[in-house]
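Trainee: Residue numbers (my numbering), protein chains in the order written: chain C, 1 to 113; chain L, 114 to 227.
Certain hints may be false.
[What the hints assert, rightly or not] Computed list of lysine to any residue pairs in SDA-like fashion (alpha-carbon distance at most 25 angstroms, straight line): (1) L:219 to C:112; (2) L:155 to C:53; (3) C:53 to C:112; (4) C:55 to L:152; (5) L:219 to C:58; (6) L:155 to C:101; (7) C:3 to L:225; (8) L:155 to L:225.
Keep in mind the hints are simulated off the structure, nothing from the lab.
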Amino acid sequence: DVKVTQSSRYLVKRTGEKVFLECVQDMDHENMFWYRQDPGLGLRLIYFSYDVKMKEKGDIPEGYSVSREKKERFSLILESASTNQTSMYLCASSRPRGAGEQYFGPGTRLTVT
Amino acid sequence: QKEVEQDPGPLSVPEGAIVSLNCTYSNSAFQYFMWYRQYSRKGPELLMYTYSSGNKEDGRFTAQVDKSSKYISLFIRDSQPSDSATYLCAFGGALNSGYSTLTFGKGTMLLVSP
């Protein structure tokens, strides 16, 4: 059974803090993705990675960075958290070919105060 | 024109009803068509996907694709309160999307009352 796990379900951080969100998948997938999801705006792609140490900007990369040192792990970093980064963050993974169906983690609800 | 359009709902139905959820899309290059279900405060889970026009059935769920009209549907038969969730359509396989990214609809909230 496919599995994507995220390090925290709920997180509360203060403005200006550096925040790390971790994602691990056990499906040996090459592709990994970070999204944020906000009411009325749907899923928005922040960054994705198609191989170890490779990354591509998504639609809204500003204020975020990522790290992928191992195939199974993809980290999202908020360099200096701001209140407008309060959101639900979702990690996903997929194989590089075929339908490209993505498998999601349970999400991290981040609140920045 | 938005690439994907999906009515946000909520769509409220009584238990046992047949539910129809729909998305329209504009990119004729999409080759794969998916439906995800997302319960409140959880991550989306893949329900089913197809790559051809026509119907694909899985238990109480039927996915329908009409490429000529750029329209996809998800039908749920004998709906249950446990089907109450947000349903997202997703599209993939367009050669210009690169690296297997998907394009998602914003989701339709479904409420099934007992």
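Trainee: Could you run down the list of hints and mark each one as holding or not?
Mentor: The hints, checked one at a time:
1. L:219 to C:112: With Cα atoms ~24 angstroms apart, residue 219 of chain L and residue 112 of chain C stay inside 25 angstroms; holds.
2. L:155 to C:53: violated (28 angstroms)
3. C:53 to C:112: Violated: residue 53 of chain C and residue 112 of chain C sit about 28 angstroms apart, past 25 angstroms.
4. C:55 to L:152: violated (29 angstroms)
5. L:219 to C:58: Satisfied, since the Cα-Cα distance of roughly 17 angstroms is no more than 25 angstroms.
6. L:155 to C:101: Distance ~18 angstroms between residue 155 of chain L and residue 101 of chain C Cα, so the pair holds.
7. C:3 to L:225: It is violated: about 28 angstroms lies between the C-alpha atoms, which goes past 25 angstroms.
8. L:155 to L:225: Holds, at about 18 angstroms.
In this structure, the earlier hints numbered 2, 3, 4 and 7 are contradicted, and the remaining ones agree with it.
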